[in-house]
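**Student:** Here are the chains, one letter per residue:
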Amino acid sequence: MNPVLANALLNFETGIVLWVGVTFVLFFVLLKKFAWGPVLQALEQREKSIQESLDSAEKAMSRAEEISRKNDEALRQAEVEAQRLRKEAKEEAEKIRVDLIDKARTEAEAVKEQTLASIEQEKQKAMLELRSHVAELALEAAGKILNAELDEKKNKKLVDDFIDGLSKN
Amino acid sequence: MVKTLRIALLFCLLLLLAGSHAHAAGDTEEPIEPATEVDILSKMGDRYYIEFENLFKFYLPRIIISDGFHFYGSTKSAMNSGVFQDQYYFENPDEFVPGESSAVSYKLVHAEDGRPVMLDMSISKHVVWFWLAGLLTLLIFGRLANKYKAGIGRDTAPKGAGMNFAEVMIVYLRDEVVKSNIGEEKYLKFAPYLLSCFFIILFMNLFGLMPWGQTPTSDISVTAALAITTFFMVNLNGTKDYWKHVFAMPGVPKLMLIIMIPVEILGLFTKPFALAIRLFANMLAGKMLILSMLGMVFIFMGMYGTGVGLGSGIIWVSFTLFIYALKVFAAFLQAFIFTMFSALFIGMALEDHSHDHHEEEPDALQPATQLQ
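Quick note, the sequences are listed as chains H and L, same order. According to this note's numbering, the first sequence is numbered sequentially starting from 1. According to this note's numbering, the second sequence is numbered sequentially starting from 1.
Hints were generated in silico from the structure; no laboratory data involved. Only a predicted model underlies this, so the values are computations on that prediction, with no experimental measurement involved. Treat the hints with care, as some may be off.
Said to hold, decoys possible - Within a straight-line C-alpha distance of at most 25 Å, the following computed SDA-like cross-link-like pairs (lysine to any residue) qualify: (1) Lys48/H - Phe165/L; (2) Lys125/L - Lys156/H; (3) Lys149/L - Asp113/L; (4) Lys76/L - Glu91/L; (5) Lys32/H - Phe336/L; (6) Lys189/L - Val29/H; (7) Lys32/H - Leu136/L; (8) Lys48/H - Ser180/L; (9) Lys48/H - Asp113/L; (10) Lys32/H - Val171/L; (11) Lys76/L - Leu136/L; (12) Lys144/H - Lys156/H; (13) Lys179/L - Met163/L.
To be verified - Some but not every residue of chain H turned toward chain L, in silico, with C-beta under 8 Å: (14) Leu18; (15) Leu31; (16) Phe162.
Just so it is clear, CB atoms sit at the ideal spot from N, CA and C, and this is done for glycine as well.
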């Protein structure tokens, strides 16, 4: 067998295994201390800070939403209140209007009544006056016509009876 | 010529049918120039030198622990010391010229009796490229970590394409691999290990795509070392439940345990074994495929002449490009799969389950995820 072929590709050299094994562990320790340790730690820290910013942004967002929700609520409440006040005012005004009308009507009624009463009174008075005036006129006229035989008393009674009969009719 | 291998030698088995024709053609046509000979195996296997072809060749030191501690600047100096000898020259002593012959097999044995050495702690090119991958990871992510420490990416958004790209990968691995398998509470303990695994393996895989680059992960020794670290990571962190599932599977009749316990113990070792083999085989196969595809140019040249060889080169080079693109994908995929399965095994060992149901065998997932 050719010596070059014989120990070329599949040689298992203990010495090389030892060299590579030991130096690999050495490289691993150095890499851990000077490379992977700081890198992994930095990555972790960055991820944590990103997570924190995301969380705080989330929190701020939810707080803003809360505030806006509260504002909306307040606005709606104010609107309801305003509506209620408007309605109350309207009702009040309506009541006042009705009251005023009622009062005016009663007053007008009273005035009318009073007027009517005074008219009646005036009418009665006028009637009385008229009656006495008519009696006097009739007496005067009858006296002038019948001045002889009839005395004034009998005549007056006659005329009064006549007028009573008139007014009763 | 033993030292270097002809491309044709590597493919002669594949081309037995055309073999006779090749011979006939090879006899009449001009012979293959030495320039077309490429030592493919030294590109794929482990060697004790680093070669930047046509620029320089750097021999790595040999450290041998056998009958004491021996240190040599290069394989050649070890051979010339008289204590050790290349196995090839030990078997063919007449070819050895002291001081001039360079190593052939690079496997050292004792010079006097040919005993294999006890422990060869030599630094090979795969170890060096592994170190380069580790240093590159350390450099890139150390700088990245400094940026994070300075506040960029920590308090602000990450800046620049490099930082963003690195962060995409890190965050993806952290969330989809580590957290989903290990859980939110313990992930920080295991994320550094798994991230180291992923990026070092990724760089090792990608190195093979560079000119002059080598892929240490195409060496079973390297992937075995990585798998062994995963083995320790899994078993040192196993919970009581995990060990109970190994040694006393709840809800299983006592007699069945005689079979179950050896199977479960075997399972402890097959998991890292599969990790090592999968990564190694995938990376080696990709490398081989590229060299084989390019090698077709030279085979056709030998069989039908230079014209046909160069003409068909268009096909082979476009195939190679396709495989190359696939290899880029596979580099990421295999690094990811190694990390993914490591995380899965660690996650299984950490699980605290009081219910009796048995975990689905993770090995069942392998055919689906093993793409290359």
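**Student:** Next step is simple, just say for each hint if it's right about the structure.
**Tutor:** Going down the list of hints, with the structure as the test:
no., hint, result
1, Lys48/H - Phe165/L, "holds, 21 Å"
2, Lys125/L - Lys156/H, "violated, 177 Å"
3, Lys149/L - Asp113/L, "violated, 59 Å"
4, Lys76/L - Glu91/L, "holds, 17 Å"
5, Lys32/H - Phe336/L, "holds, 19 Å"
6, Lys189/L - Val29/H, "holds, 12 Å"
7, Lys32/H - Leu136/L, "holds, 14 Å"
8, Lys48/H - Ser180/L, "holds, 19 Å"
9, Lys48/H - Asp113/L, "violated, 68 Å"
10, Lys32/H - Val171/L, "holds, 16 Å"
11, Lys76/L - Leu136/L, "violated, 31 Å"
12, Lys144/H - Lys156/H, "holds, 13 Å"
13, Lys179/L - Met163/L, "holds, 22 Å"
14, Leu18, "holds, 7 Å"
15, Leu31, "holds, 5 Å"
16, Phe162, "violated, 134 Å"
Of the hints listed earlier, those the structure fails to meet are numbers 2, 3, 9, 11 and 16, in rising order.
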